[in-house]
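Novice: Residue numbers (the numbering used here), protein chains in the order written: chain A, 8 to 353; chain B, 8 to 353; chain C, 8 to 353; chain D, 8 to 353.
None of these hints come from the bench; they were simulated from the model.
It is possible that part of the hints are untrue.
Just so you know, same-sequence chains aren't split out, so a pair can sit in one copy or run between any two.
Below, in silico cross-link-like pairs of lysine-lysine (DSS-like), each with a Cα-Cα straight-line distance of 27 angstroms or less [stated by the list, open to error]: (1) K144 x K308; (2) K146 x K38; (3) K10 x K211; (4) K197 x K9; (5) K122 x K9; (6) K192 x K38; (7) K132 x K146; (8) K146 x K211; (9) K122 x K343; (10) K9 x K308; (11) K284 x K38; (12) K308 x K146.
The structure presented is a predicted model; accordingly, all values stated were derived computationally and were not measured.
4 protein chains.
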Amino acid sequence: MKKAAIIGGTGYGAIELIRLLDSHPYIELAKIISQSQHGELLDETYPHLATYVTQPMQELHIQQLIEEIDIVFLATPAGVAKEIAASFLDSSIQCIDLSGDLRLSSSDYEMWYQKKPASEALLEKTAYGLTEVFQEKIKQANIISNPGCFPTAALLGLIPMLENNIIESKGIMIDGKTGISGAGKNSSAKTHFSTTNENVTPYKIGTHQHIPEIEKYLSQHVEESSVRVTLTTHLIPMTRGLMCTMYAPLQQDIDTADVIDLYKHYYEQSSFIRIRKQGEYPSTKDVTGSNYCDIGAYVDKRTNQLIISSAIDNLVKGAAGQAIQNINVMNGWDEKTGLSFLPVYP
Amino acid sequence: MKKAAIIGGTGYGAIELIRLLDSHPYIELAKIISQSQHGELLDETYPHLATYVTQPMQELHIQQLIEEIDIVFLATPAGVAKEIAASFLDSSIQCIDLSGDLRLSSSDYEMWYQKKPASEALLEKTAYGLTEVFQEKIKQANIISNPGCFPTAALLGLIPMLENNIIESKGIMIDGKTGISGAGKNSSAKTHFSTTNENVTPYKIGTHQHIPEIEKYLSQHVEESSVRVTLTTHLIPMTRGLMCTMYAPLQQDIDTADVIDLYKHYYEQSSFIRIRKQGEYPSTKDVTGSNYCDIGAYVDKRTNQLIISSAIDNLVKGAAGQAIQNINVMNGWDEKTGLSFLPVYP
Amino acid sequence: MKKAAIIGGTGYGAIELIRLLDSHPYIELAKIISQSQHGELLDETYPHLATYVTQPMQELHIQQLIEEIDIVFLATPAGVAKEIAASFLDSSIQCIDLSGDLRLSSSDYEMWYQKKPASEALLEKTAYGLTEVFQEKIKQANIISNPGCFPTAALLGLIPMLENNIIESKGIMIDGKTGISGAGKNSSAKTHFSTTNENVTPYKIGTHQHIPEIEKYLSQHVEESSVRVTLTTHLIPMTRGLMCTMYAPLQQDIDTADVIDLYKHYYEQSSFIRIRKQGEYPSTKDVTGSNYCDIGAYVDKRTNQLIISSAIDNLVKGAAGQAIQNINVMNGWDEKTGLSFLPVYP
Amino acid sequence: MKKAAIIGGTGYGAIELIRLLDSHPYIELAKIISQSQHGELLDETYPHLATYVTQPMQELHIQQLIEEIDIVFLATPAGVAKEIAASFLDSSIQCIDLSGDLRLSSSDYEMWYQKKPASEALLEKTAYGLTEVFQEKIKQANIISNPGCFPTAALLGLIPMLENNIIESKGIMIDGKTGISGAGKNSSAKTHFSTTNENVTPYKIGTHQHIPEIEKYLSQHVEESSVRVTLTTHLIPMTRGLMCTMYAPLQQDIDTADVIDLYKHYYEQSSFIRIRKQGEYPSTKDVTGSNYCDIGAYVDKRTNQLIISSAIDNLVKGAAGQAIQNINVMNGWDEKTGLSFLPVYP
């Protein structure tokens, strides 16, 4: 039984980690750490955890963690995580950072996050936790940068097609749609029910920090120059769920059926990727509460475009679920351990 | 490992049973039976079950079930269930009926359901599956009538107060609020998104078949005459969740704190009942996806009324979850077996 | 053409007044006043008003208002309104206060709002703006206290029954359900989408400031002692809409049909009250965006209770619409002036 | 006062026409015709129309209409409309067809609708009712083919850019998002609340009948060859509202500010088009219940793409509102007549 701690215990990422870890057979959640609310009981904020919570949230003590804990999940905001992660560099702690701090090169991080980047030493030791694609690196790493929610859905849909030279590396459009929980727990106009309900709201057009993240990891899969993508993101009036509808120019004449076969082959060993059959496309509700990423595809012969639809639960495969999946891989456990439940439907 | 079958495999009750049984350690779901869709794969209707489903739904063969199966869940409509349940009377099958067929006396059933009632022989052998209250009878029964969703929330809130003579048995008002999944999977004006979204819709006022069910089981807890309740039900624009807000005249001068203590004491041994502390009330979201029933109370001294708020997930504690809880009790397993997960929040 | 000003221009009450006044034939909205945001353009906060807004919001200058303006709508928070309203006491300004400041007696206000009450001089000159019931007083008043949203729905349903001695004045239960816009424009956990969506949340049980308001105006309609009601309120995952489901002990043996006839007779002259026929009940969506209050009733012979269901749009009949209806009555215009549009459906 | 009739009186298009015509100063709605429900009162299906409806729906009698009526709105399904419209060819009736029957060339109609097309005589006399762009033709026509909901939003965003050679005519991607009312009044899995709530559902990918409609009217604005677009459509869990997020390769180096100026200039005379300022994008809620189309734009210099976001209420500008706007133009009235109300917000 490994001992885990969550740092940043009061956001939605942490709350979902708590739910998922509760049924993990090899991990015991030993500490929930919150700098802003230590001393408080978590179920005062989250009554759905009534009877679950037995001890108050704790302050952060790095040395104590290094001594007592095996696994640390960083569910802190960008900017905070990189400092904490650096403290574990020389320890044996397995650290999963759910923020964006360790996802980009220093220069890109500075430009898109407008914060000071993590040290090169830290970035070099960090593996990007898109489990299905980077699991060899994940197995050997102690520090994982857990992917952003849009990048998870986008990369899982695009990488197999780019690797197989099905689509061009230029002219890829990603239309992202996310539930409001993606905007976090803080109250603002952006998360106000009366503002967001019965509404579709585009946001951060052209400026979303997930753009360079998607481009960085796509570029690792084509030889030549760097890939550029266009990403728009939209708030959808639902709590959970994220979809990327993607458009990419075809490099070759291919049928939908063959594209689907390619996907199936690519993800043959991946328990959490489900490919829809021809003529069917995933809905976000098909994956709610689960770690699945469902993918559908359509070759538009009229316009020579491949249309890809990729759906995840932003809090599971897009955050806490993938974090646990990475921990499973790092520890040599089956990637499904503690994650093999069906979606909650309807 | 016990073998289970679900009969009526395509409604929401069945779908939730499938989700929950999938993580039950002692039950294997061996057969999904559907008279209307046998031969089909369930994931054609429900793509969220993709990769889970490996064999088509089957026709109903009673004798085969008796030979091969240990546990049968009846997720069929009222009217159908009682015929099937009767076939198992002399077998060793443990049968849980999720319909209303076995919940009322013959005369009440005829009046409120306007169908021919089950045989007296069947009714006599049936235990009412409100697990927390009737577990002694459930342990000894082979046939369980699983409670309706409103009765579950209402009875769990009212019974401790009636038993302890806190409230009068006359003048109880129950204001029921349910998510649209309570109206089932069939498409109609009542379940149409454009009709029900951004809407509160009262329905079946004074005529809901859950009225006699609540009255029957409340009456078993007061000596004198029969209890009468007023129940209204409202469709709420959400998928899951059910709340009963209840009003009952106080029999004695008592404080909120004492009422809360009484509840805590009454449900001391019950894993799934959580009592809110003074000044707090449950939201339906606090129990989503879980088998919990959360209860809050307030003594309104100004009007001498007890106000009780009781929240469940209508598809879990109000249907499939309680069915499995009953099976656990019938088999001597911990009632939490396969049901000990946290709510999905947010 | 009368000139109007709105004070407190950035809340939902003001925004709805702007929408409704825009099509009023006899009122010109001359000023929008905001102490916190004067100098700003309202469409920066509310882009749906783009092209409508031509001048910035202004500071409050009482004397200037008295000289230039005929009608003032106070859409300010409780506590602020009573100070401003007092300034108009000796002027010819018609002032409608949408806050709770002028609704209660001094002692009740102090107890339930926990603020210093308005002066007796102001309270004496104020008429309560439940248009259908108090129009004679409204015609003669210059200062109107516009009713709260729950009291509007509750009183319109209860008063005809109390006046006609159909129901008892004791044992009335009001189960209130409101859309999230009722919680206002400010961001908080209570208005957060992820918290409130897919959820029913009871709040302020036993402590809602609308309780004494309902009781005060009900009591004016029965000779004997004062009426006491039990009110609970619930947040429903919708933006607009409010329903009171009410339960009251019958004083006499009467049929549903006769109750409905009584309502129809009582509201014969009232353009905005629509009585549902026997067996039908209003949904909140039936009145969305309109000034209607729809009422349905059912005599529960089994329990000797009258069940009343009353639905309004909380921002229209529950706030801005009724405010304009009152202005119409005060000026001798048809009460429908500027308000005679159909509900927005679906 | 012109007399109008609606044929197909029970769908959402008709219901919205009734709401809007009710406040039109020059049009009297004289007849509501329904082949399937004639003899019934419309408020039996739609209680929000209680007190509005005074006469039952009628059967269709073409000759009677020609004699008594000036304006006919066809709110019938595709396939039915073209037969009725043909009957008015030699009459003086102004006919607006809200279905897709008259929008495409015969060959395209046959291919995409898989029905027999309208006669050439009828198609030749029909003007396409995208009011802002085709008003000269609309003024001279008696028969109008009212645009589809997605084409309205897409064309209003794309045409000014194509006409001004800002974007290429190849490689245009349109990501469409619509509220569930776009799927109509009929109950099906696609409109079931429990299926569609908390969900984003792609549908008709590559096969939507709005694809050839968009292409046909875009092609009329570029000299050379025909334009091809990629369109995907998604059901969003909201009742009303439609957004097209569009991506098009830039033909020239241009700044966002200049693009916005071009839009403003193009729509200078158009009362219902509102262009967002730089850095802001429309939400569907900004136009709910109104005839506005709000447009925002962003030049993505990184990828040399123009991103356009265009939002309408699918039932107003996307159907009934635009139909009335066309009637206004045909009769020489101000296009805003009866449509100049503000959006319903929040």
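Novice: At 27 angstroms max between alpha carbons, let me know whether K146 reaches K38 within a copy, between copies, both or neither.
Specialist: within (25 angstroms within a copy, 39 angstroms between copies)
Novice: Up to 27 angstroms between alpha-carbons, please classify K308 paired with K146: within, between, both or neither.
Specialist: Answer is neither: 41 angstroms inside a copy and 38 angstroms across each miss the 27 angstroms cutoff.
Novice: When Cα atoms must be at most 27 angstroms apart, do K132 and K146 count as within-copy, between-copy, both, or neither?
Specialist: within (12 angstroms within a copy, 57 angstroms between copies)
Novice: How would you classify K9 and K308 at a CA-CA limit of 27 angstroms: within, between, both, or neither?
Specialist: neither (52 angstroms within a copy, 48 angstroms between copies)
Novice: Given identical chains, is K146 near K211, meaning Cα to Cα at most 27 angstroms, within a copy, between copies, both, or neither?
Specialist: neither (34 angstroms within a copy, 41 angstroms between copies)
Novice: At most 27 angstroms between C-alpha atoms: does K192 with K38 qualify within a copy, between copies, both, or neither?
Specialist: For K192 and K38, the Cα distance is within 27 angstroms only inside one copy (21 angstroms; across copies 37 angstroms).
Novice: Reference check for the pair K122 and K343, CA-CA at most 27 angstroms: within, between, both, or neither?
Specialist: Neither: 35 angstroms inside a chain and 47 angstroms across chains, both beyond 27 angstroms.
Novice: Quick one: K197 to K9, C-alpha cut-off 27 angstroms, is that within a copy, between copies, both, or neither?
Specialist: neither (38 angstroms within a copy, 37 angstroms between copies)
Novice: Are the CA atoms of K144 and K308 at most 27 angstroms apart within a copy, between copies, both, or neither?
Specialist: neither (38 angstroms within a copy, 34 angstroms between copies)
Novice: At 27 angstroms max between alpha carbons, let me know whether K10 reaches K211 within a copy, between copies, both or neither.
Specialist: neither (38 angstroms within a copy, 41 angstroms between copies)
Novice: Cα distance capped at 27 angstroms. Does K284 pair with K38 within a copy, between copies, both, or neither?
Specialist: between (43 angstroms within a copy, 25 angstroms between copies)
Novice: Can you give me the call for K122 and K9, within, between, both or neither, at a CA distance of at most 27 angstroms?
Specialist: neither (34 angstroms within a copy, 55 angstroms between copies)
Going down the numbered hints, you'll see the structure goes against 1, 3, 4, 5, 8, 9, 10, 12, while the others check out.
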